[in-house]
Every structure is written in structure tokens, then in C-alpha cells.
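Enquirer: Spelled out from the first residue to the last, the chains are:
Number of protein chains: 2
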Amino acid sequence: MRKDIRITHYALRISSMQKLVECIPNFSEGRRQEVIDHVAAAARGVAGVRLLDVSSNPDHNRTVLTFVGPPEAVADAAFASTAEAVRLINMEEHTGEHPRIGAMDVVPFVPLTGMTMDEAVQLANQTGKRIADELRVPVYLYSAAATTPARKRLPDVRQGQYEGLKESISTPERKPDYGEPKMHPTAGATAVGARPPLIAFNVNLGTTNLAIAKSIGKALRESSGGLMNVQAMGVDLAAQGMVQVSMNLLDYTKTPIHRAYEMVRVEAERYGVPVVGSEIVGLVPLDALVGAADFYLRLTDFSRSQVLEARLLEEG
Amino acid sequence: MRKDIRITHYALRISSMQKLVECIPNFSEGRRQEVIDHVAAAARGVAGVRLLDVSSNPDHNRTVLTFVGPPEAVADAAFASTAEAVRLINMEEHTGEHPRIGAMDVVPFVPLTGMTMDEAVQLANQTGKRIADELRVPVYLYSAAATTPARKRLPDVRQGQYEGLKESISTPERKPDYGEPKMHPTAGATAVGARPPLIAFNVNLGTTNLAIAKSIGKALRESSGGLMNVQAMGVDLAAQGMVQVSMNLLDYTKTPIHRAYEMVRVEAERYGVPVVGSEIVGLVPLDALVGAADFYLRLTDFSRSQVLEARLLEEG
Numbered sequence: 432m433r434k435d436i437r438i439t440h441y442a443l444r445i446s447s448m449q450k451l452v453e454c455i456p457n458f459s460e461g462r463r464q465e466v467i468d469h470v471a472a473a474a475r476g477v478a479g480v481r482l483l484d485v486s487s488n489p490d491h492n493r494t495v496l497t498f499v500g501p502p503e504a505v506a507d508a509a510f511a512s513t514a515e516a517v518r519l520i521n522m523e524e525h526t527g528e529h530p531r532i533g534a535m536d537v538v539p540f541v542p543l544t545g546m547t548m549d550e551a552v553q554l555a556n557q558t559g560k561r562i563a564d565e566l567r568v569p570v571y572l573y574s575a576a577a578t579t580p581a582r583k584r585l586p587d588v589r590q591g592q593y594e595g596l597k598e599s600i601s602t603p604e605r606k607p608d609y610g611e612p613k614m615h616p617t618a619g620a621t622a623v624g625a626r627p628p629l630i631a632f633n634v635n636l637g638t639t640n641l642a643i644a645k646s647i648g649k650a651l652r653e654s655s656g657g658l659m660n661v662q663a664m665g666v667d668l669a670a671q672g673m674v675q676v677s678m679n680l681l682d683y684t685k686t687p688i689h690r691a692y693e694m695v696r697v698e699a700e701r702y703g704v705p706v707v708g709s710e711i712v713g714l715v716p717l718d719a720l721v722g723a724a725d726f727y728l729r730l731t732d733f734s735r736s737q738v739l740e741a742r743l744l745e746e747g
Numbered sequence: 432m433r434k435d436i437r438i439t440h441y442a443l444r445i446s447s448m449q450k451l452v453e454c455i456p457n458f459s460e461g462r463r464q465e466v467i468d469h470v471a472a473a474a475r476g477v478a479g480v481r482l483l484d485v486s487s488n489p490d491h492n493r494t495v496l497t498f499v500g501p502p503e504a505v506a507d508a509a510f511a512s513t514a515e516a517v518r519l520i521n522m523e524e525h526t527g528e529h530p531r532i533g534a535m536d537v538v539p540f541v542p543l544t545g546m547t548m549d550e551a552v553q554l555a556n557q558t559g560k561r562i563a564d565e566l567r568v569p570v571y572l573y574s575a576a577a578t579t580p581a582r583k584r585l586p587d588v589r590q591g592q593y594e595g596l597k598e599s600i601s602t603p604e605r606k607p608d609y610g611e612p613k614m615h616p617t618a619g620a621t622a623v624g625a626r627p628p629l630i631a632f633n634v635n636l637g638t639t640n641l642a643i644a645k646s647i648g649k650a651l652r653e654s655s656g657g658l659m660n661v662q663a664m665g666v667d668l669a670a671q672g673m674v675q676v677s678m679n680l681l682d683y684t685k686t687p688i689h690r691a692y693e694m695v696r697v698e699a700e701r702y703g704v705p706v707v708g709s710e711i712v713g714l715v716p717l718d719a720l721v722g723a724a725d726f727y728l729r730l731t732d733f734s735r736s737q738v739l740e741a742r743l744l745e746e747g
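Top to bottom, those sequences are chains A and B. Okay, so the first sequence: first residue is 432 according to our numbering, each after it adds one. Okay, so the second sequence: first residue is 432 according to our numbering, each after it adds one.
Quick caveat, the hints were computed from the structure, so don't treat them as lab data. Just so you know, not all the hints are guaranteed correct.
[Unchecked claim] Computed footprint of chain A on chain B; a stretch qualifies when at least three of its residues, placed anywhere within it, have a C-beta under 8 Å from a C-beta of chain A:
| hint | region |
| --- | --- |
| 1 | 703-709 |
| 2 | 730-738 |
[Unchecked claim] Label pairs and their computed distance ranges (CB to CB):
| hint | chain 1 | residue 1 | chain 2 | residue 2 | range |
| --- | --- | --- | --- | --- | --- |
| 3 | B | SER734 | A | THR579 | 57 to 65 Å |
| 4 | B | ASP549 | A | GLU528 | 50 to 58 Å |
| 5 | B | SER736 | A | ALA669 | 26 to 34 Å |
| 6 | B | SER736 | A | THR731 | 27 to 35 Å |
| 7 | B | THR731 | A | SER654 | 52 to 60 Å |
| 8 | A | GLY637 | B | SER736 | 26 to 34 Å |
| 9 | B | SER734 | A | HIS469 | 29 to 37 Å |
| 10 | A | THR547 | B | SER736 | 24 to 32 Å |
| 11 | B | SER734 | A | ASP468 | 51 to 59 Å |
| 12 | B | ASP490 | A | THR547 | 42 to 50 Å |
Beta carbons are placed, not taken as given, at the ideal position from N, Cα and C, and that holds for glycine.
All chains should be built: construct the whole structure from the sequences, respecting the hints.
Expert: This is how it looks when you write it as C-alpha cells:
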């Protein structure tokens, strides 16, 4: 009801959105804690950067950092952590289950509030050039930063892995985007890119029949005729007596959470199976939740700057 | 899908929620811009405080400030703006349509992230005592800070308004909670309280029949047997060819947005009328939107600290 009492509204200083970008570097060490600490500390040490997560997998022998901040600070932190990974990791001795091409394997930039994808692509270019120039590590641009369609997908960039790329890097089609066409002797190569935030979203079904989850996964995923920007598979949650459609939403701005949820629900109905729950794994941008509330509550003209906490992140 | 790769999770420093409180002082000047500016500047001038909104209504001759920050800073800003209102506004000359008892009429504290209602009540007590001690303005505690049931509701505290309270303040039942039982000669008295955030939520119906909106408003509101913590009424939106159920949700933590929305939808169905949209007027706490997404997507174990922007507001 409050609207009617707000007749005269005196303009405050126009507050513009603070530019925020996320960076999720993956480096090739998941076992030696002191190396992991050094690489993480290099990112954390940059003023303005918030290190939100450090996740290591010993089997993959790989660690994922998640940090957020203003563009220049995040680019500095990406470079600083890459420099530490290059200094401390010897790919000639590296083993692990996860595909990789270098000590710092992949550096994706994800535009958050106030940032466009084009700006994130620029950041990837600046950082890639700096890694090649100062660390002598050849760099491939991928995803939205890719210079050719053949480098859009990370698996294509990683083809042959570290060992194979040592041979093929001198061929024209594998020529790096920045740096000389030869591997760093111990640190290999690095992929640097820009992409939308990924949302890991799982929907649980009230059945133990894994075939149903697999069938719905197939119906959902882009690669088999489902929703764009969605990866999906059926997973058994035997201990919980249910199955799950496990999804990655690769671009929630085009294919939002509620669309994936509703399509799972409708497909499950065809088998007489109810949705019994869902989960978001890890972090989710506020806009993705606002989108869901917007859809279900049929909100008109709702803006994220009406969310109190979002207002607090705007520049004063 | 990301969960399965997060096998080892190295603990970052435990980050605790930054304590944030909102304050929405209402003061008795909505016409003289220089007075409004002085009172607003007093709040804005306190380090750590973010002034989010200044809304004045000349007919009410009243202005509402909205600011947010850590508890001590917000208490200082509440006191500083009260001191300016007391200095610049003479209630002996004040006219306006809105009920009021003083130059600074009412100062509500609203607990946001990391704050309990008890802590907001403490803040109301500290601030009320300081206003009485230093400005010689008698203070009534109301809402969650009220010391007797008769002072819970603001209209009861404001009974008789400035003019009437001058007479009745010396009676035992109107004795102030802080300060002497006599009005400040020009600034009157002030109500200081603590309450949950109010959400102004309106649902639009695809009909021009105002009687239906009024009937649904009656079904919804607490006072006529509807939902707790909900004020509701039917409103004609003639220019847009529809009617609206206009609501204040007084405590979304107990009576969430989706419950009000679904009840309007179900009541409208009985008349064969569709919901054609809804709106949130002004600011809404992130938790209220997370609650709606949570309900409709059947999220299990979702926490607000998974919202990237909320993480950025946590202490490092």
C-alpha cells in the first residue's frame, strides 16, 4: 500500500551498480596443501578481492578457487594465482583423473552485477596477454572469449591434454591466442575465458526407478533435443530412496531455473512421479532467484535494486 | 552436478554475517526543502550509514527517511536526524493530514541480516533513552519494544496527536517510557520502536469488478479472519481496467509472500477471475524472495549464504 504515500520523491545521488566479476581458476594441484595455500593466498592477497571458496579434489589432483571483486582487482588476483601455480607446479610430474593442459589449467571470468559479457571478454584478453607476456605460458581463449568456433568448448581446447598439446601446439590449428606456439617447460598452457555463471541445480523425484530420471535427463538436455544451455543426467540416490535429475544451467539469463524445474515436473508427471525436492549446489546469483520469484508471483516491473541487500552493494 | 567434484573442502576463515539494521524515521516536515535536507544530511553524515530513500508528502507535511547500516552507526544516525528535526521543526505551527505527536514523530528499527528482534529492541531502548536525556523529548516505546500491550500499536501511542498529548501526558497511563511526563515545548514527543520489515505487496486481478477485490481483501486480512500479519484492501485501478488486492505484509518471516499470493489466487478462482500480475512496492529483504523461490522450486537445505551477493555482504 505504501506507494500512495510516496508523492514527492527527492532524488538521492544517482547510485550506479558497482561492477563485480567472479573468477573460478582451476589449477593442477589437489594434494599438496602448502601449494594450494600459496596459490589461494596469492588471490586472497589482492585488495578488494573476496575469496569465497577453495575446493580441492585429490583424485583429480586439482583445486578450484572462487573469488569475486571489481574487474581490475579480480584480474590481478587471477594473474597472481596463475603466477604461483606456474612457479610451484611441474606438469612433467603431474597425474590426476581430470583433463588438464597446464599448471593453471583454466581461468574463467564470469560477469556479475554491473558487468557485461563483453567486458568480461576484455578482461580475459588482458589477463591472457599478461600471462603469456610475463609468465611465458601460452594462452588459449575459450567460451565467450573464443576467437574461433573450434575453441568455444573447453574439451576441444584441452584435446590431447598436457602431453598431447606438447606435440600439437606447433601446428597452425593449435596456435595459441597469446604467446609463442610452444609449451612452458613445466607449466604447459592455460585456457582463459568468459562465460555466464553456471548454476548446479538438481531435482529429486519420488521414485527409486533410475530409468525414469535418466529418461527425464535426456528430455531436458540440450544435446538430445531438450532445453538450450542445460546439461542433465539421471542419478541414483539409493541411500535416500529416490532418484535425481542433476543439471548444470549454463546460462540462466536465457534458460532460467524455473523453466528447467517446470519441465522436469511435467515430464515426471507423465510417469505419475512427484517432485519431492530440489537443490542448488554452491553459489547462485541473486538475479536467478529474483527470476524465479518473479515468474511464480507474476511480478510486474520488479527490479533487483528493490532487494535491500542488492541496494547495499550499489555504489553510494 | 558440481557437488561430486567437491570432495575436500578447505575451510576458509569462518565468515560471520555483518549485522545490519534498517531505520525508517518519520518526521513532521514535508514542505520546506531546506529542513528536509538538513534532517536527511544528519543521517547521511554518519560513517557506515547508507541513506537509501527520502520520501516527502506535502499534504501529510511529513518525510520518511530509509537508511541501513551496522547497529551503532544506525542508532547514531537516528539520534542525529532526530536532533535536527527537534532543532528545526516547531510543532506549535505544524499542520498536516497525517497523525503525529512530535517533530520526529516515529523512529522504527528493523532487524535485517545478522540481527535479532531482541537486539533491535535494545537499540530502540538506547536511542529512546538518549533522545529523552539529551534532547529533552519524552519517548514512547512501541511495537516489539513496547512495555505494555496498550503501546504495541502506533495508533494507540499517537492517540489525541500532538495537541491532545500535551494535555494527557501527565496522566499515569500516558507516562513516557523515557523522559519527564511533559512535552518538549516545540518538538512534542517521539515514538521509538522495533518491528519486522514491512512488505507492500499488491496482486492485480483480471476484472473491473471492485467488489471482488474488496471481498478478497476482506478474506485476506487478519482483522476479519484472514491471514495473520496481513493488512489488505480492494483498490480500483480504473485506468488500467483492473482491480487490485493491496496488502501490507507485517511479518514475512511468519506469513510469507507466497502464502498471501496463493490465497488471493485461490479466492479469485472462486469468482473465475485470474491473477494478471503483482507488484512489490519499495524495498524487500532478500530472505523474502529466497522464501518464495524456496517454496515454488521445493528447495531443500537452501541457505541465503548461497546467494552470491549475500556472501559479499558477509564479513570477510
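Enquirer: Which hints from the list above does the structure break, by number from lowest to highest?
Expert: Going through the list in order, the structure violates hints 3, 7, 11 and respects the others.
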